[in-house]
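Protein sequence lines correspond, in order, to chains D and H. Per the working numbering, the first sequence runs over residues 1 to 167. Per the working numbering, the second sequence runs over residues 1001 to 1293.
Heads up, some of the hints might be wrong.
Claimed, not checked - Rough simulated footprint, nothing fancy, chain D against chain H, three-plus residues with beta-carbon under 8 angstroms:
{"hint": "1", "segment": "1073-1080"}
{"hint": "2", "segment": "1098-1106"}
{"hint": "3", "segment": "1222-1234"}
Claimed, not checked - The following residues of chain D were derived to be distant from chain H, with all beta-carbon distances above 10 angstroms:
{"hint": "4", "residue": "I47"}
{"hint": "5", "residue": "T57"}
{"hint": "6", "residue": "K59"}
{"hint": "7", "residue": "R67"}
{"hint": "8", "residue": "R127"}
Simulated from the structure, these hints should not be mistaken for laboratory data. C-beta: ideal position from N, C-alpha, C; glycine also.
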Amino acid sequence: MGCEMKKYIFAISVFLFSVPGQAAETLYVQSARANILSGPAFNAKVIASVPKGSKVTAKFSHGSWYRIEYQGKQGWVSRLQVAKRRPLKKISFFQKFNDMFKKDDARRRASRVTVVGAVRGLSADDRARAIGRGEDLVDYAALQRMNQISVDEDQVMSFLQQGLKGG
Amino acid sequence: MAEASRKQKYSQISNWRGLVFAILALAGFSFAQAEAENFRARGGGDTQQSGATTISDVQAEIEFGQSIAARILGRYPMVDDSSLSGYVNLVGNAVVLHAGRPELTFRFAILETDNVNAYAAPGGYVFVTRGAIGLMRDEAELAGVLAHEVAHVTRKHIVNALNIRGSDSGTQAGLARFLSGAGDAGRVAFSQAVNKAVGILFEKGLAKEDELDADNTGTVYLATTGYDPTALKRYINRIKALESKRLSVMNSTHPSFQDRLKALSMQLASLGIDSGKFPTVTSRFNQYVKNNQ
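Input sequences plus hints: build the corresponding full structure.
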């Protein structure tokens, strides 16, 4: 298929499958970075890479993409990477949760047969048998260990870049 | 005369072309509108994060997710391997940084079972079984499975399946209000919601469209993170040939492999990433996973 023909089909498809917005809309980048692309596909040319919180103006949407403008540049961005509100800061809710279970709040456990202490010593097979008997196992100790997992954003980005560089 | 006839004929053809084009345009527009509405109805795209979601809703989502996570951890022990756990958390959070819910802290745990599956609880609690990891061939596949689960959280599939709406809904069932309900009624409602969510994860499964949506969204996350976007499809394609016992839970809670693969093929083609060379990060995966088995 010729290049001109491809362009023609692309233009028609954008027209057919685009949802015209009422007006330009302000959106904010939610992911660590978002690539602005020359077309609504990930194999399109990267025009710019913009950081979280950047403000872009959406002209219209096309499937899972927005046609946007950013600092005078026109391009496309995935709808999954932007939102109408500024990105929220991290929200933590562990203190209340930990306090709740320190108090051994029986009210939330009323429907459960086997909880934290009893579960801790059970093997996977024991647990499967208990579940099979209809017991309702809950492991708050493991949850607290999971809540303690912490990774730094810079560490994650460096880990990712290192991995991708290696292929 | 012949010239006039030609002109008239040309004009008719032109009119027909215009009509056909207009019909196609209308059909396309209707389709796009329906698709967009469907996308939004399932909590899709940017609209899930409109200004209406409040901090208390997010806190409620985390609290709700913690109660579900404790039940998942009650069913399967958590693997106690700091090196492997650290690795899975780095891969998972690499995906999370490129997803759209910066307000949530995601945590990833490995479950000690040969069953092949992964789970996600609202608020950012993601689980993958040792059996599932054992069948992966590279870091991109691990990222793909985690991305599918992260998508369940970012798209609020469980919360939507239980019909628990945010405080913007104007109903009496606002998430924050619902979960902090006072008195016996509030406690019963909370407990019932947790039971239902656990039932969805282990028995009933989410709606087929939510699972396909998680595949599609997870694939976009792979692409935006930089991993091989075909990785999730590769993994699903491999495990479909497994003996049924280890896949029993996944089979009962997910759409057929055939449906998932077909949808993923279409998704990859539409995103322009169905072919090409992309990073799989195999050597690092082998270092952390295969060499320690």
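The hints, checked one at a time:
no.	hint	in the structure
1	1073-1080	holds (count 6)
2	1098-1106	holds (count 8)
3	1222-1234	holds (count 6)
4	I47	15 angstroms, holds
5	T57	13 angstroms, holds
6	K59	14 angstroms, holds
7	R67	13 angstroms, holds
8	R127	6 angstroms, violated
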